[in-house]
Amino acid sequence: MTTTLAPPVGKKTFSPINLLIEGRAFLALILIIVVFSSLSPNYLTAGNLLIMASHVAIYAILGMGMLLVILNGGIDLSVGSTLGFTGIIAGFLLRGVEISFLGITFVPSVPVVVLLSCGMGAAVGFLNGVLIARFKVAPFVATLGMLYAVRGIALLLTNGLTVNDLSGDPALGNTGFDWLGFNRILNVPIGVIFMILIAGALGLLLGRARFGRWLYASGGNERAAELSGVPVVKVKIWVYVVSGTCAGIAGLVLSSTLTSASPTAGNTYELTAIAAVVIGGAALSGGRGNVRGTLLGAFVIGFLSDGLVIVGVSAYWQMVFTGVVIVGAVLLNGLQYGRRPKKSPTQTGGGGQTAPADKRGNDPVPNSDHQPAQTGTSSR
Amino acid sequence: MTGSFDAVVLEARNIVKNYGGVEALKGVNFEIRQGTVTTLFGENGAGKSTLMKILSGVEKPTSGQIVLDGEPVEFGSTTEATARGISIIHQELSLAPNLSVRDNIFMGRELHGAFGVDFATEAKAARELLIGLQLDIDPATLVSNLRVGQQQIVEIARALSVNSRILIMDEPTSALAATEVEVLFGIIRDLTARGVAIVYISHHLEEALEIADHAVVLRDGSVTARGERSEIDLEWIVRHMVGDHFDLGTPPAGYDFGELVLQVSKLRVIDAMNHERAVVDGLDLEVRAGEIVCIYGLMGAGRTELLEAIAGKGVVESGEIRLSGESLKGHTIAERIEMGVGLVPEDRQRDGLVQTFDVGKNLTLSSLGGVIANGLLSRKAEHNLSVDLIRRVTVKTPGPGVNIGALSGGNQQKVVIGKVVGTKPRLMLLDEPSRGIDVGAKGEVFRLLTERAREGVAVVYSTSEVAECLSIAHRIIVMRKGRISAEFGSDATKATIMAASGEAVAA
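Heads up: the sequence lines are chains A and B, in that order.
First residue of the first sequence: 1, per this note's numbering; consecutive thereafter.
First residue of the second sequence: 1, per this note's numbering; consecutive thereafter.
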């Protein structure tokens with residue numbers, strides 16, 4: 001799964017089994033499409049694909065932010081709440097904020113609303129990051145706390161009610177918020193375009209920028225990364241800021257699509273995002289995973305649940321299927337990462353101290369022979 | 001007691017153990033006799049610990065046989081070995097610091113009464129064991145509140161509590177004070193008198209000689225010598241441990257040292273766990289460009305803490321560190337690397353390598369700034385840099401794209417060194433650079449260091465092997481309890497160095 005950052009050397013080994021494991025999310029997606037299009041003629045139509053893609057976009061945007069956090073070896077449980085919270089913030093700003101002691105009402109234009117709302121998402125993320133990186137609170141605990149606190153604030157702001165009039169008021173000159181949710185460029189929904197842009201940006205960041213390398217290094221071995229000069233604290237704070245920002249963007253897209261913002265929007269979406277990352281082949285221990293995998297993971301989840309709706313399977317069964325897919329993906333992950341240490345020593349004929357050598361004798365998969373058996377042994 | 005004393009109770013026949021491509025043991029035959037102490041000598045990486053792990057069921061041999069009381073056995077786990085009367089005291093403490101002394105001693109073998117675990121009986125038994133070891137502490141004390149030496153005694157108590165017939169002690173005294181060692185030896189003699197067979201491993205050669213009945217010497221995975229106590233002496237051990245053709249090089253000569261690169265004055269570093277204790281205590285050190293300095297000392301002498309403090313890790317309480325005259329105070333690890341300080345950490349796996357990265361990415365991790373073009377990492381520049389570093393530090397790998405775990409220990413160490421070389425350091429700090437690598441690779445690592453010194457890099461390395469001090473170093477510094485206890489030129493001898501470290505009774 002490290003193809004995006006592999007150096008230009010043709011030394012990687014390819015075998016059908018590896019290809020099957022690495023491409024499992026892709027194969028699962030194809031399987032889903034084949035099965036549902038045979039069950040329903042409406043499934044594989046351009047119109048339906050675009051609708052499903054805009055559902056997927058929400059999961060994918062959350063998932064890509066989550067990917068960065070998971071690469072760092074952390075977890076961000078607060079993204080679902082942050083999504084709901086930013087929607088509420090956008091709704092409030094669109095209604096206009098009365099600043100009583102000045103006697104005026106502040107009505108920001110739509111672009112300002114968008115920026116401020118994303119900024120709120122980033123702020124939540126920053127708080128997570130500081131708690132985790134500076135005050136050494138466990139990521140699970142810090143973001144679990146944030147999950148409750150942020151959701152609570154969203155409910156407090158609206159008294160638990162949904163903010164409805166997100167279309168703005170022509171008189172105030174702040175119409176057009178629903179453009180995010182409804183409009184299309186070249187017939188592609190704006191949410192999907194956002195997803196593609198974010199995927200491109202984060203793909204570049206992870207694969208080609210120094211920050212990405214720092215992130216993979218600190219996720220792989222934080223102590224070694226720190227001693228190698230990687231600013232591990234900064235990296236850690238930034239991944240939560242990116243995750244919060246992604247949640248903010250997802251919140252805007254969702255509330256714009258619905259032209260309403262519910263304080264309970266995005267409930268349990270953090271789990272969907274984690275599922276997308278895991279199905280996409282990332283290791284929860286950090287250091288392994290990429291944007292392409294997470295996108296595929298989001299498509300698998302989205303296309304599966306929409307497909308089940310289309311063929312009329314009950315929502316309860318949807319949950320069961322999603323659960324099976326997640327566990328299946330993690331099992332395959334174990335297969336992939338569990339094999340690696342065993343496989344690699346013989347790829348080069350060298351030896352790693354980390355290799356669980358005791359199992360080598362009865363390894364059912366004969367280790368391949370692509371590499372000359374010269375390394376390691378010759379240093380003696 | 002059945003059978004006569006000196007009967008072989010446990011025998012290893014032709015044991016081979018491979019870790020990946022590294023042969024840690026190459027067909028070892030080893031016998032343990034009832035009622036005697038067999039000492040096992042060997043350098044780091046000679047295979048002593050591996051052999052003991054196999055005998056105690058921690059690991060399985062790649063091939064070969066273990067024979068217990070004349071019948072071949074196979075241990076699936078330590079529990080199985082313990083059930084057959086074999087227990088081991090590990091080199092690394094294997095206690096749970098969050099549990100009490102009592103719970104640690106009975107861990108996994110809790111005594112059950114009518115209402116669950118019978119804590120009272122456990123505590124009583126633990127107390128008796130500890131008093132036997134002359135450690136009078138409350139069994140309810142948390143292990144984390146004990147000194148390391150006390151923890152080691154608890155570890156010993158745990159091994160004794162199962163009434164083993166065969167007891168393996170891997171460096172049991174590394175954290176003990178001299179009086180505690182005497183107590184331990186008293187207990188060992190007691191146990192052997194009762195017929196227990198003991199395997200004793202120690203770096204303290206004189207100490208181990210004192211307790212030995214038989215000695216076996218391992219070198220590079222093979223047994224090189226065995227003898228009875230009456231036939232052996234220190235010289236015999238060292239000769240067989242080190243081998244006849246053991247050459248780690250000589251100090252590079254033919255040039256003058258350059259400017260003062262490292263200046264450490266009155267440095268005091270505090271233990272991160274226990275702020276009361278200074279691990280480096282008012283230490284002064286100066287190193288010039290092109291000079292190689294070896295820091296020798298036992299475990300806990302403060303070598304690691306000194307090197308880490310220079311690199312920017314650890315709590316410096318007072319004192320000053322200057323690099324080419326510039327104070328390093330307030331500079332982060334990253335800034336110090338930029339300024340020219342490079343550290344090769346002691347624990348390669350924990351602190352040196354990113355296991356999820358390939359060889360190339362590990363090599364370039366500290367010098368990514370140099371391979372950036374238009375704000376992005378240039379794949380070509382990075383590839384060229386890693387290929388260049390692989391060549392300069394002679395890493396044996398088919399290419400930079402190979403997984404780091406696929407390399408041997410020696411080549412992994414060269415990758416860590418290469419990562420530091422890539423930052424163009426003025427000062428290279430290497431903490432036990434020879435740890436866990438085989439003799440051939442040691443020679444190559446030391447040759448790399450002399451090359452860097454010739455290029456004008458100031459080199460400081462630490463070691464716990466005297467032979468490694470007496471190789472490429474221009475100057476040898478002996479550390480003991482956070483201070484410099486002696487300083488020698490390259491003409492020092494083993495005996496003087498060991499005496500200064502507190503290891504040996506002066507020869």
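Be careful, since some hints might not be right.
Now the in silico label distances, taken between C-beta atoms and shown as ranges [what the hints assert, rightly or not]: (1) B:391 x A:234: 52 to 62 Å; (2) A:164 x B:338: 29 to 39 Å; (3) A:42 x B:387: 53 to 63 Å; (4) A:271 x B:116: 48 to 58 Å.
A few chain A residues that face chain B, going by a derived Cβ cut-off under 7 Å, partial list only [to be verified]: (5) 123; (6) 183; (7) 221.
Derived DSS-like pairs: lysine-lysine, alpha-carbon spacing no greater than 27 Å straight-line [said to hold, decoys possible]: (8) B:424 x A:234; (9) A:136 x B:396; (10) A:234 x B:329; (11) B:424 x B:396.
For the record, the hints were derived by calculation from the structure and aren't laboratory data.
Idealized CB from N, CA, C, for every residue including glycine.
Consistency of the hints with the structure:
The given range of 52 to 62 Å is broken by residue 391 (chain B) and residue 234 (chain A), whose C-beta atoms sit roughly 33 Å from each other. A beta carbon spacing of about 55 Å between residue 164 (chain A) and residue 338 (chain B) contradicts the range 29 to 39 Å that was offered as a hint. Judged by the Cβ atoms, the range 53 to 63 Å given for residue 42 (chain A) and residue 387 (chain B) holds: they are separated by roughly 55 Å. Separated by about 38 Å at the C-beta atoms, residue 271 (chain A) and residue 116 (chain B) break the suggested range of 48 to 58 Å.
Hint status for residue 123 (chain A): violated, given a least beta-carbon distance of 26 Å to chain B, over 7 Å. With a cut of 7 Å, the hint placing residue 183 (chain A) at the interface with chain B is violated, because the nearest CB-to-CB distance is about 32 Å. For residue 221 (chain A), the shortest C-beta to C-beta distance to chain B is roughly 5 Å, which falls under 7 Å, so the interface hint holds. With a CA separation close to 25 Å, the supplied pair residue 424 (chain B) and residue 234 (chain A) stays within the 27 Å bound.
Note on residue 136 (chain A) and residue 396 (chain B): the hinted pairing is violated, with a Cα-Cα distance of about 40 Å set against a maximum of 27 Å. With a C-alpha separation of about 20 Å, the suggested pair residue 234 (chain A) and residue 329 (chain B) falls inside the 27 Å cut-off, and the hint holds. Annotation: proposed proximity of residue 424 (chain B) to residue 396 (chain B) holds, straight-line Cα distance about 22 Å (limit 27 Å).
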